[in-house]
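Visitor: If you want the building blocks of each chain, they are given just below.
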Amino acid sequence: MSGHLRDEQLTSAVLDEGDEAREHLETCAECRDEAERAQAALAGFGESVRAEAGRPDGFWAWQRDAILARVAQGTVRTRRLAWAGAMVLVILGAVLLTRPRQPAPRSPATISEWRSPTDWLLRTPGDALLRSTPRVGDFYFPLEPAETGSSKGGNNEG
Amino acid sequence: MESTLTPAKLLAQANASAGIAREDFDGIVRAHQRRIYRVLLGIVRDPDTADTLTQECFLRAYRSRHSFRGESSVATWLVRIAVRLAIDHGRSRRNRFWRQLFGGAAADESAAGSTAAEELPDTGASPERALAAREEVAAVWAAVDQLSPQQRAIFVLRFAEEMPLEEIGRAMQLEVGTVKSHLHRAVSAVRKRLATEAQKHKERTEERKP
Chain A
1 MSGHLRDEQL TSAVLDEGDE AREHLETCAE CRDEAERAQA ALAGFGESVR AEAGRPDGFW
61 AWQRDAILAR VAQGTVRTRR LAWAGAMVLV ILGAVLLTRP RQPAPRSPAT ISEWRSPTDW
121 LLRTPGDALL RSTPRVGDFY FPLEPAETGS SKGGNNEG
Chain B
1 MESTLTPAKL LAQANASAGI AREDFDGIVR AHQRRIYRVL LGIVRDPDTA DTLTQECFLR
61 AYRSRHSFRG ESSVATWLVR IAVRLAIDHG RSRRNRFWRQ LFGGAAADES AAGSTAAEEL
121 PDTGASPERA LAAREEVAAV WAAVDQLSPQ QRAIFVLRFA EEMPLEEIGR AMQLEVGTVK
181 SHLHRAVSAV RKRLATEAQK HKERTEERKP
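Those protein sequences? They're chains A and B, same order as listed.
Residue 19 in my numbering sits at position 19 of the first sequence; the count goes up by one each step and never skips.
Residue 185 in my numbering sits at position 185 of the second sequence; the count goes up by one each step and never skips.
Chain A extracted, bound-state conformation (with noise of 0.2 angstroms):
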């Protein structure tokens, strides 16, 4: 190879990938510094995570402790939630079966009979009725007995 490795070949030399770059960095002193100094770098990366995580045993105690108890008041609030839900559906049953209800016709000829207490505004009139001629005396022109002339006469007196 000619050169110096290009950056991609270098990364993948960094990473410690690809043979030509592995040969190459045998040859180039440039190249195999660069490449080194990174490795390096990304070793301290490494290390400096490593030692900012380290903390006193207490702390672990504690974290585990916190956990633990984060998980049991879980457990314990979700079982207090599925007893409540279960009670709201049972008052919820109660309520709709003691409810009062109107009877509900069991048979078709019942239920062709059934009227709701609103259902005759949807009615329409009966033939007989539509039929029918209105007469005086009828149930339409109700014929009230004659008003005497001596009831009137006595209010006009004076």
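Some hints could be false.
Computed list of lysine to aspartate or glutamate pairs in DMTMM-like fashion (alpha-carbon distance at most 20 angstroms, straight line) [what the hints assert, rightly or not]:
#	chain 1	residue 1	chain 2	residue 2
1	B	LYS180	B	GLU162
2	B	LYS192	A	GLU30
3	B	LYS180	A	ASP7
4	B	LYS200	A	ASP33
5	B	LYS180	A	GLU8
6	B	LYS192	B	GLU135
7	B	LYS202	B	GLU135
8	B	LYS192	A	GLU8
9	B	LYS180	B	GLU161
10	B	LYS192	A	ASP33
11	B	LYS200	B	GLU128
12	B	LYS180	A	GLU20
13	B	LYS180	B	GLU166
14	B	LYS192	B	ASP145
15	B	LYS192	B	GLU203
16	B	LYS202	B	GLU128
17	B	LYS200	B	GLU135
18	B	LYS192	A	ASP16
19	B	LYS202	A	GLU36
20	B	LYS202	A	ASP33
21	B	LYS180	B	GLU167
22	B	LYS192	A	ASP7
23	B	LYS180	A	GLU17
24	B	LYS192	A	GLU17
25	B	LYS180	A	ASP19
26	B	LYS180	A	ASP16
27	B	LYS192	A	GLU36
28	B	LYS202	A	GLU30
Reference listing, derived: stretches of chain A covered by chain B, where coverage requires no fewer than 3 residues with Cβ under 8 angstroms from a Cβ of chain B [stated by the list, open to error]:
#	region
29	5-14
30	37-45
31	57-66
These are calculated hints, taken from the structure and not from any lab test.
In this text, all values refer to a predicted model and were calculated from it rather than measured experimentally.
The C-beta atom is built at its ideal place from N, Cα and C for all residues, glycine as well.
Based on these hints, arrange chain B on the given structure of chain A.
Guide: Okay, now just chain B, sitting in the frame of chain A:
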């Protein structure tokens, strides 16, 4: 008579009364909390947030423990939950935008990077070399902060946790090729930052020369 109820006892009681399998969740927390905290700290870079998210991670793991099929190890499964939490946290952190807008990001980055770099163990190197190493690590932190949350997570899992690419893929639910691609971009960004810092260091050294 007073009975002292520790969280572990409370959990055991809750498990027993709920009729679920008595797994040793305390043992799981004990075995993995350090690693989960470390991963989260590497991604979110704030100890308090890392602690909160660690607790949240185990809480979620406990809630969804029935969905764990054993296809991956418990560690990988926990890392997956932790990374998802950290990425979600990064997305919801709206004030980051405002900090960057008002130019506070650069100062914060260098400060956080320097703090992290100061945590480096003493290797017995010369003061000059130790200082250079700290500067380089700070530069890496600064570059990592500019990565996308997903790339940052992959970077931390690779270089802080030294996880193999296949395991990172399982934890992130990504193909190995995608993990490699993200890692290449991340390392490339870090190298550029290192080159810039090296250039600045060189200029400073030349200025000091009489």
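Visitor: If a hint holds in the structure, say so; if it doesn't, say that too.
Guide: Quick rundown of the hints versus the structure:
no., hint, result
1, LYS180(B) with GLU162(B), "14 angstroms, holds"
2, LYS192(B) with GLU30(A), "16 angstroms, holds"
3, LYS180(B) with ASP7(A), "16 angstroms, holds"
4, LYS200(B) with ASP33(A), "18 angstroms, holds"
5, LYS180(B) with GLU8(A), "12 angstroms, holds"
6, LYS192(B) with GLU135(B), "14 angstroms, holds"
7, LYS202(B) with GLU135(B), "13 angstroms, holds"
8, LYS192(B) with GLU8(A), "12 angstroms, holds"
9, LYS180(B) with GLU161(B), "16 angstroms, holds"
10, LYS192(B) with ASP33(A), "15 angstroms, holds"
11, LYS200(B) with GLU128(B), "16 angstroms, holds"
12, LYS180(B) with GLU20(A), "18 angstroms, holds"
13, LYS180(B) with GLU166(B), "10 angstroms, holds"
14, LYS192(B) with ASP145(B), "14 angstroms, holds"
15, LYS192(B) with GLU203(B), "17 angstroms, holds"
16, LYS202(B) with GLU128(B), "13 angstroms, holds"
17, LYS200(B) with GLU135(B), "11 angstroms, holds"
18, LYS192(B) with ASP16(A), "18 angstroms, holds"
19, LYS202(B) with GLU36(A), "18 angstroms, holds"
20, LYS202(B) with ASP33(A), "16 angstroms, holds"
21, LYS180(B) with GLU167(B), "12 angstroms, holds"
22, LYS192(B) with ASP7(A), "10 angstroms, holds"
23, LYS180(B) with GLU17(A), "10 angstroms, holds"
24, LYS192(B) with GLU17(A), "19 angstroms, holds"
25, LYS180(B) with ASP19(A), "16 angstroms, holds"
26, LYS180(B) with ASP16(A), "12 angstroms, holds"
27, LYS192(B) with GLU36(A), "15 angstroms, holds"
28, LYS202(B) with GLU30(A), "16 angstroms, holds"
29, 5-14, "holds (count 6)"
30, 37-45, "holds (count 8)"
31, 57-66, "holds (count 5)"
In summary, this structure violates none of the numbered hints.
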